[in-house]
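Student: Protein chains in written order, with this note's numbering: chain A, 66 to 331; chain B, 66 to 331.
Incorrect hints may appear among the rest.
Identical copies go unnamed one by one, so any copy, or any two together, can satisfy a pair.
Computed cross-link-like contacts, SDA-like style, restricted to lysine to any residue with a CA-CA straight-line distance of at most 20 Å [said to hold, decoys possible]: (1) LYS295 to GLY179; (2) LYS68 to GLU78; (3) LYS324 to ASP99; (4) LYS324 to VAL278; (5) LYS324 to ASN256; (6) LYS295 to ASP305; (7) LYS68 to ARG219; (8) LYS295 to HIS306; (9) LYS68 to VAL182; (10) LYS295 to GLU94; (11) LYS68 to LEU158; (12) LYS324 to ASP303; (13) LYS324 to ASP267; (14) LYS324 to ASN275; (15) LYS295 to LEU307; (16) LYS324 to LEU258; (17) LYS68 to ASP113; (18) LYS68 to ALA262; (19) LYS68 to LEU93; (20) LYS68 to VAL121.
Honestly, the hints are just simulated from the structure, not real lab data. No experiment lies behind these values; they were computed from the predicted model shown.
2 protein chains.
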Amino acid sequence: MAKAARAEGLAQEIVAVGRRREHLQPALEDGAVDRITTDVAEGLAGSDFCVLATPVATLGSLLAEVWRAAPDDAVLTDVGSTKAAIVSTAEALHRSRPLAFIGSHPMAGSEQSGYRVARANLFRGALVVLTPTDASDPRALTRVTLFWESLGARVTTLDPVTHDRAVAAISHLPHLVADALVDAVVRMDPNFLSVAATGFRDTTRIAAGNAQVWREIFQENRQALGEALKTFREALDDLDHLIATGDAAAVERELDRIKRVRERLS
Amino acid sequence: MAKAARAEGLAQEIVAVGRRREHLQPALEDGAVDRITTDVAEGLAGSDFCVLATPVATLGSLLAEVWRAAPDDAVLTDVGSTKAAIVSTAEALHRSRPLAFIGSHPMAGSEQSGYRVARANLFRGALVVLTPTDASDPRALTRVTLFWESLGARVTTLDPVTHDRAVAAISHLPHLVADALVDAVVRMDPNFLSVAATGFRDTTRIAAGNAQVWREIFQENRQALGEALKTFREALDDLDHLIATGDAAAVERELDRIKRVRERLS
Numbered sequence: 066m067a068k069a070a071r072a073e074g075l076a077q078e079i080v081a082v083g084r085r086r087e088h089l090q091p092a093l094e095d096g097a098v099d100r101i102t103t104d105v106a107e108g109l110a111g112s113d114f115c116v117l118a119t120p121v122a123t124l125g126s127l128l129a130e131v132w133r134a135a136p137d138d139a140v141l142t143d144v145g146s147t148k149a150a151i152v153s154t155a156e157a158l159h160r161s162r163p164l165a166f167i168g169s170h171p172m173a174g175s176e177q178s179g180y181r182v183a184r185a186n187l188f189r190g191a192l193v194v195l196t197p198t199d200a201s202d203p204r205a206l207t208r209v210t211l212f213w214e215s216l217g218a219r220v221t222t223l224d225p226v227t228h229d230r231a232v233a234a235i236s237h238l239p240h241l242v243a244d245a246l247v248d249a250v251v252r253m254d255p256n257f258l259s260v261a262a263t264g265f266r267d268t269t270r271i272a273a274g275n276a277q278v279w280r281e282i283f284q285e286n287r288q289a290l291g292e293a294l295k296t297f298r299e300a301l302d303d304l305d306h307l308i309a310t311g312d313a314a315a316v317e318r319e320l321d322r323i324k325r326v327r328e329r330l331s
Numbered sequence: 066m067a068k069a070a071r072a073e074g075l076a077q078e079i080v081a082v083g084r085r086r087e088h089l090q091p092a093l094e095d096g097a098v099d100r101i102t103t104d105v106a107e108g109l110a111g112s113d114f115c116v117l118a119t120p121v122a123t124l125g126s127l128l129a130e131v132w133r134a135a136p137d138d139a140v141l142t143d144v145g146s147t148k149a150a151i152v153s154t155a156e157a158l159h160r161s162r163p164l165a166f167i168g169s170h171p172m173a174g175s176e177q178s179g180y181r182v183a184r185a186n187l188f189r190g191a192l193v194v195l196t197p198t199d200a201s202d203p204r205a206l207t208r209v210t211l212f213w214e215s216l217g218a219r220v221t222t223l224d225p226v227t228h229d230r231a232v233a234a235i236s237h238l239p240h241l242v243a244d245a246l247v248d249a250v251v252r253m254d255p256n257f258l259s260v261a262a263t264g265f266r267d268t269t270r271i272a273a274g275n276a277q278v279w280r281e282i283f284q285e286n287r288q289a290l291g292e293a294l295k296t297f298r299e300a301l302d303d304l305d306h307l308i309a310t311g312d313a314a315a316v317e318r319e320l321d322r323i324k325r326v327r328e329r330l331s
């Protein structure tokens, strides 16, 4: 994000705050950021826009720390994959100190991490979901929207709970299912992997994601993931039963209906 | 296949046999084949190598017709996605008339069909599984192996039942699961598809396959698919239960084990 914001000339000064200087050093050397620090208060002094970018499990406690350190007129956002928890944390913090927070979820990135794989054009054409609530400051919403649009992203809004249900359906469930597909082959016979072609590789690519990141997402979004998993099991059972009936025309109608839904995506 | 065989100069004469001349005409005009016919007996007269390439549901009855029309020294093969049924049909036909048949399954192609999308390099680097049995003629096996290798493919062998279990695990199950993933999103809220990113598109790409082709594959390989589906449901349930325990270290160990299996593929 720093690399992209720098490329677009969006900030006079960009400060990177992290737990380890050695992880921030490459961004400083590359000119993507102007200052690096491991101290949240020092990093936030004088800032007017702050983006939290950590795994979802640590976002809540980090937000509390940032809330104490941020200037009165700062606008805060995050890039977490789940939104209900962080938005409710922000609303609780807001009661003791009014400050502007808007949840963001940029649908971009890969299974890789670190400055070495950073790309200034990562957000170009990507979708960013913002999750404002009735309590959100409209000016902060505009500010965060313009930030993402300046990086080339398309911005849409969802309420936090609907967002979590949507990403459970289109991201977390497919990831869990890809994991189970790989494991099922191992359980049947690991040698079967030697005949896997493009189809299997595409379907299970996301199973190569970082284990800690995905464990946190699965646990953080447990409720919505549970609903998605239940719906998926019903859909799979229905297809299985339909095939078992031997009704060729009915099976083809169903596969064709699904094919047409899928084709609208590509 | 004709286009690839022609490009490699593998045959003096290539004859295309099909139900409709208009589907064969483009291959004739392009020079990939020398003759086209809708008559099986006419097409097979004088031939020494015959490849059956139809959907799996019609392969069995076509093989019986080809068996009657083929010259005594012809070698027959097919390109069907399931192998136990066609190999057992060939063994039954062999009892009334000895003729050489070796099952082939080239792991190549796409969801598209027709000569218009044919590529002479389709099989270059692809894996082709042959399914000979103890009763197979070793010279026919060598002949079919050399045919595929001449088109640039890597050839491996599996017995027909193991082949069907392997493709159920790495191809048919992922396809059925991709269909159920798409349908689950539709059932939850079709609008969720508007936030689908690369991950969902990759995971469900195969759900855009031809409905008739896949209905036939699902029904033809029903038994092995049933075993794969049962194993997949167990793997998914185990992951689901593990996440529910809240044991972060155990979940991460499991996701990491699966990630490492998946990484060996790419």
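Student: Against each hint, give a clear statement of whether it holds in the structure.
Tutor: We went through each hint and held it up to the structure:
1. LYS295 to GLY179: neither (35 Å within a copy, 39 Å between copies)
2. LYS68 to GLU78: Within one copy, since 12 Å is at most 20 Å while 60 Å is not.
3. LYS324 to ASP99: The answer is neither: 49 Å in one copy and 36 Å across copies each exceed 20 Å.
4. LYS324 to VAL278: between (31 Å within a copy, 12 Å between copies)
5. LYS324 to ASN256: between (30 Å within a copy, 17 Å between copies)
6. LYS295 to ASP305: both (15 Å within a copy, 11 Å between copies)
7. LYS68 to ARG219: So LYS68 and ARG219 pass the 20 Å test inside one copy only (18 Å; across, 44 Å).
8. LYS295 to HIS306: For LYS295 and HIS306, both the intra-copy (16 Å) and inter-copy (13 Å) Cα distances are at most 20 Å.
9. LYS68 to VAL182: within (11 Å within a copy, 41 Å between copies)
10. LYS295 to GLU94: Neither: 48 Å inside a chain and 53 Å across chains, both beyond 20 Å.
11. LYS68 to LEU158: neither (30 Å within a copy, 68 Å between copies)
12. LYS324 to ASP303: within (16 Å within a copy, 29 Å between copies)
13. LYS324 to ASP267: Classified as both: same-chain Cα gap 17 Å, cross-chain 14 Å, threshold 20 Å.
14. LYS324 to ASN275: Answer is between; shortest inter-copy Cα gap is 8 Å, intra-copy 30 Å.
15. LYS295 to LEU307: Cα proximity of LYS295 and LEU307: in one copy and across copies (18 Å, 16 Å).
16. LYS324 to LEU258: Close across copies (14 Å), not inside one copy (26 Å); limit 20 Å.
17. LYS68 to ASP113: Within. Shortest intra-copy distance 18 Å satisfies the 20 Å Cα cut-off; inter-copy 64 Å does not.
18. LYS68 to ALA262: neither (36 Å within a copy, 22 Å between copies)
19. LYS68 to LEU93: within (10 Å within a copy, 55 Å between copies)
20. LYS68 to VAL121: The answer is neither: 22 Å in one copy and 53 Å across copies each exceed 20 Å.
Checked against the numbered hints above, the structure breaks hints 1, 3, 10, 11, 18, 20 and satisfies the rest.
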